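So the protein sequences, as listed, match chains A and B. Sequential numbering of the first sequence, starting at 26, is according to the numbering used here. Sequential numbering of the second sequence, starting at 14, is according to the numbering used here.
It cannot be assumed that every hint is accurate.
Interface residues of chain B toward chain A, partial, derived using beta-carbon atoms under 10 Å [claimed, not checked]:
(1) 55
(2) 57
(3) 170
(4) 227
(5) 256
(6) 266
(7) 286
(8) 303
(9) 308
(10) 309
(11) 312
Mimicking SDA-like on lysine to any residue, the simulated pairs with C-alpha atoms at most 20 Å apart in a straight line are [said to hold, decoys possible]:
(12) 279(A) <-> 192(B)
(13) 288(A) <-> 196(B)
(14) 282(A) <-> 337(B)
(15) 252(A) <-> 275(B)
(16) 94(A) <-> 153(A)
(17) 216(A) <-> 153(A)
(18) 279(A) <-> 274(B)
(19) 282(B) <-> 196(A)
(20) 103(B) <-> 125(B)
(21) 273(A) <-> 125(B)
(22) 282(A) <-> 103(B)
(23) 279(A) <-> 103(B)
(24) 319(B) <-> 337(B)
(25) 24(B) <-> 318(B)
(26) 252(A) <-> 273(B)
(27) 288(A) <-> 282(B)
(28) 145(A) <-> 158(A)
(29) 273(A) <-> 208(B)
(30) 282(B) <-> 209(A)
(31) 273(A) <-> 269(B)
What the hints contain is simulated information worked out from the structure, not anything from laboratory work. These numbers come from a predicted model, not from an experiment. All C-beta atoms in this analysis are idealised placements derived from N, C-alpha and C, irrespective of residue type, glycine included.
Residues per chain are reported as follows:
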Amino acid sequence: MVKNLKKYFPARGKWLKAVDNVSFSIGFGETLGLVGESGSGKSTLGRSILRLIEPDDGEVIFEDVDLRKLGGEELRQRRRFMQIVFQDPLASLNPMMTAGQNIEDPLIIHNIGTNEERRKTVMELLDIVGLGREIIDSFPHELSGGQQQRVGVARALALNPKFIVADEPVSSLDVSIQAQVVSLLYELKRKFGLSYLFISHDLAVVKYLSDRVAVMYLGTIVELAPKKELYEKPLHPYTRALLASIPKMPKDGKPQKRFSALKGEIPSPVDLPPGCRFQSRCEHVTEICKEEEPTFREVFPEHFVACHLA
Amino acid sequence: MEELLVVNNLKTHFRRYEGVVKAVDGISYKINYGETLTIVGESGSGKSVSALSLLGLIRKNGKVVDGEAIFEGRDLLKLNQEELRQIRGKDISMVFQDPMTSLNPIMKIGIQIMEPLIWHKLMQSTEAREKAIELLRVVGIPDYRVRAWDYPFEFSGGMRQRVMIAIALACNPKLIIADEPTTALDVTVRAQILNLMQDMKEEFGLSIMLITHDIALAMNFSDSIMVMYAGKVSEYAPVAEFIRNPLHPYSRGLIASTIDIETEESFIKPIPGAPPNPLDLPSGCKFHPRCAYTQDICREVEPECKEVRDGHKVACHLVERGEIQ
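Chain B on its own, in the form it takes in the complex:
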């Protein structure tokens, strides 16, 4: 498969009054055409920043300090805002967690779908109007011809998320970055939206970068999984391999502490402690204070993310030495 996006050694740091937060500190990944990569992590692990950095969407106190992100032959990190604007919403579009705050509350949804089409000069307004209505049909808005001229507050959360997806699809993007797209939704609606995204992916040959804290979802929905912890990649593998053999103690901990519908009582094993303070990261392996296997080397030397078998990368000394298999 051909590569759509290759990110190498991306580092995004934020200046804060108390010091520098290394939100993303040297991560590498790639997404092939038509593939879904899921970035899994807890709050503060850097999963959102690693995606937003690509599009120049990080806040002013943040800066991409190193790395490259090659998207179809161009390094996104070297583009200026004007050049990025040509890519955002066209080749790469985004779906955010909260559709209410990411839609414009005083603009009819049909107009919001037309906006990127007209802005990117892909269509004139009459044509864009038809396209907007067509997109609403595709994402499953009932009564779409009429509803196109309603405002966001007139829609439910699930319907608003469908509108967001319609906007994201408008310019036939190659990549959709979906940042916790279903977290705010009810379970039955969540299933609908996930199915819709899967349909869109297959129908339009999209690539998807899904960002989530839900490892069960990640294991079902993606082609590859990247687990992040404290701004680093702890594990990165094709999904079948990850399901068969998750190696990093953090990945295993996440799986063991996920309360699954099939979990029997007394089966959950929470990871002790909490994610570290980003201003005061532990030495060596960032996970060592919470890890059950910690040895001296883990406290002293930071492990590198190394390939242990085909496409399966892990940042753990003990995996590297073969003590965890």
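This is chain A alone, in the form it adopts within the complex:
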């Protein structure tokens, strides 16, 4: 559970509010999808939860313990259960270690098992993520992008975590490989009852994997709802625009030559105007949107939105 989390970065004498008062919770075995464009603060949020970036304010409660109150060793013990998979698998694996060593590393750090036991665990992990055991002594650069990402996933799984932050884990992969890794994540979730915070800019991939979805814009969550509800009845104009702008498979045989586009671009998060953050791009903007920041409220059961007009 995350409460009122904030992360501000200093920017030329002002503050860049990368994460501004964000609250949500994730249940056991649940996947929360976090969608947003670049600059929305989704990665900063993901990392702040694990304290890979130190948040400035708020609480991160993981199994009844506020992670922000923990010191080094205690935090390290807790982090066993929270792992992260990054976007660029090659950059996130240690290039000087073999695939096997990369996967084994967290076990060594946490002092788990003997050499042989660890080797056995690594083998099992390779099976789980669908890699052949023969790659155990290959170095990351010898593997393909999809294989590298599987190693990244195996490493995240090594400590039997309960919660994984997956930060754009498939964005850098080719379509056919992307589908493989997405199905893998889906199976792992079912098999091990994992909870995910699945961060992506791709609404289709998020839909496939998530139970609930949060849409982030300029540092805050503007809409949060169960998946079906969010995709079928989006309330926030930004969510609607995102959904409309994706090219869909023309199954009925009619190609779209044009796509519904939102005007403008995501503004600079430094020095936001008063009122709603989305006002500069919203087609329904009214007076109140320019004056008051909308509250994030529950409009339907489980369906939260921050919009005056919803």
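Take the given structure of chain A and dock chain B to it, following the hints.
Just chain B, lined up with the frame of chain A:
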């Protein structure tokens, strides 16, 4: 419709320390006036090389070893660098994936738009200056009169891509080659850029060669689709026909593994395995190790890309025999 560009049996090979990479190995296609052809493929399939070869833009270790590319009656592959230079940026221009690395970082964007106009001696500098400003207006840069004298780093990714399109349009080209023009952009901005390209195409009667890995985009945006795998054409068809009846198992696999917003859970079917190592290609059909229908003939004989019905070409033994329909 009249043909603008006809490419026959293009082969581009690269010398590498470990051997020869046949990046493009005998592909043929054509683009009519005012038409969009999309080349779809995964990384390493040869989709970019097949376009760059036409303009003499491949790296030094690469060579066009065979084929012809007839552009308005002239074979591009027989021209020397000087003659190509007269065509590049004028009759054929390019839009690349990453506008930050393809724009000159220390040159004001207005000057960069004027550059091809002056270089190709189409205009004097005062006239070119007006044209540059006009183009920025056309591609939708707000405050374009002032912004024309800003540097690339002062623009966002979407705006930089608009500038790239303005440069590409400057000399009224007949063909624009757009190599993954929207891959680096956010979804909402991507839609804007695609709409802009569609507008430009209709307004100026341009032909577009779009290179992308996104099959959903290809199926929406183009008039014809060419799917490439391991340097070969696996399927080539008019878009309506392709949507109705994609035939090659690889095309079908790509479609099934694309996670669409309307996909229901458990609906994606990934293609197993990974694209082959270009230095060690499989025998027979290059796709056979990943194909669900593989038979003996697929392992032994490489299928030819043959027309199965009007304008629809497929390189697959089983399609040829009518076992896949």
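For each hint, the structure was consulted:
Because the closest C-beta pair between residue 55(B) and chain A is about 4 Å apart, less than 10 Å, the hint holds. Annotation: interface hint on residue 57(B) holds; nearest CB of chain A at approximately 9 Å, less than 10 Å. For the restraint placing residue 170(B) at the interface with chain A, the shortest Cβ-Cβ distance is roughly 8 Å, inside the 10 Å limit, so the hint holds. Because the closest C-beta pair between residue 227(B) and chain A is about 7 Å apart, less than 10 Å, the hint holds.
Interface hint status for residue 256(B): upheld, as the beta-carbon distance to the closest one in chain A is roughly 5 Å, under 10 Å. The interface hint given for residue 266(B) holds, since its Cβ lies 7 Å from the closest Cβ of chain A, which is under the 10 Å cut-off. For the restraint placing residue 286(B) at the interface with chain A, the shortest Cβ-Cβ distance is roughly 8 Å, inside the 10 Å limit, so the hint holds. The criterion of a C-beta within 10 Å of any C-beta in chain A is met by residue 303(B), whose closest approach is roughly 8 Å, and the hint holds.
Taken as an interface hint, residue 308(B) does not check out: its beta carbon lies about 22 Å from the nearest beta carbon of chain A, beyond 10 Å. A least Cβ separation of about 25 Å between residue 309(B) and chain A goes past the 10 Å threshold, and the interface hint is therefore violated. With its C-beta approaching chain A no nearer than about 21 Å, residue 312(B) sits outside the 10 Å limit, and its interface hint is violated. Among the hinted pairs, residue 279(A) with residue 192(B) is inconsistent with the structure: their alpha-carbon atoms are about 24 Å apart, more than 20 Å.
The straight-line distance between the Cα atoms of residue 288(A) and residue 196(B) is roughly 19 Å, inside the 20 Å bound, and the hint therefore holds. Proposed proximity of residue 282(A) and residue 337(B) is contradicted: the alpha carbons are some 30 Å apart, above 20 Å. With a CA separation close to 12 Å, the supplied pair residue 252(A) and residue 275(B) stays within the 20 Å bound. Restraint check for residue 94(A) and residue 153(A): not satisfied, since their Cα atoms lie roughly 35 Å apart, outside the 20 Å limit.
The suggested pairing of residue 216(A) with residue 153(A) holds, with an alpha-carbon distance near 10 Å, which does not exceed 20 Å. Only pairs whose Cα atoms come within 20 Å are accepted, and residue 279(A) paired with residue 274(B) is accepted, the gap being roughly 16 Å. Taking the CA atoms of residue 282(B) and residue 196(A), the gap is near 18 Å; set against the 20 Å cutoff, the hint holds. Restraint check for residue 103(B) and residue 125(B): the C-alpha separation of about 14 Å stays at or below 20 Å, so the hint holds.
Using a Cα cut-off of 20 Å, the hinted pair residue 273(A) and residue 125(B) is violated, with the two alpha carbons roughly 35 Å apart. The hinted pair formed by residue 282(A) and residue 103(B) fails the criterion: a straight-line CA distance of about 26 Å is larger than 20 Å. A distance of roughly 34 Å separates the Cα atoms of residue 279(A) and residue 103(B); the hinted pair therefore is violated under the 20 Å criterion. A hinted pair counts as satisfied when its Cα atoms are at most 20 Å apart, and residue 319(B) with residue 337(B) qualifies at roughly 14 Å.
Taking the CA atoms of residue 24(B) and residue 318(B), the gap is about 15 Å. The hint holds against a cut of 20 Å. Note on residue 252(A) and residue 273(B): the hinted pairing holds, with a Cα-Cα distance of about 15 Å set against a maximum of 20 Å. For the suggested pair residue 288(A) and residue 282(B), the alpha carbons sit about 35 Å apart, so the restraint of at most 20 Å is broken. Distance restraint check for residue 145(A) and residue 158(A): the Cα-Cα separation of roughly 11 Å lies within the 20 Å cut-off, and the hinted pair is therefore satisfied.
Between residue 273(A) and residue 208(B) the alpha-carbon distance is near 15 Å, which keeps this suggested pair within the 20 Å criterion. With a C-alpha separation of about 12 Å, the suggested pair residue 282(B) and residue 209(A) falls inside the 20 Å cut-off, and the hint holds. Restraint check for residue 273(A) and residue 269(B): satisfied, since their Cα atoms lie roughly 13 Å apart, inside the 20 Å limit.
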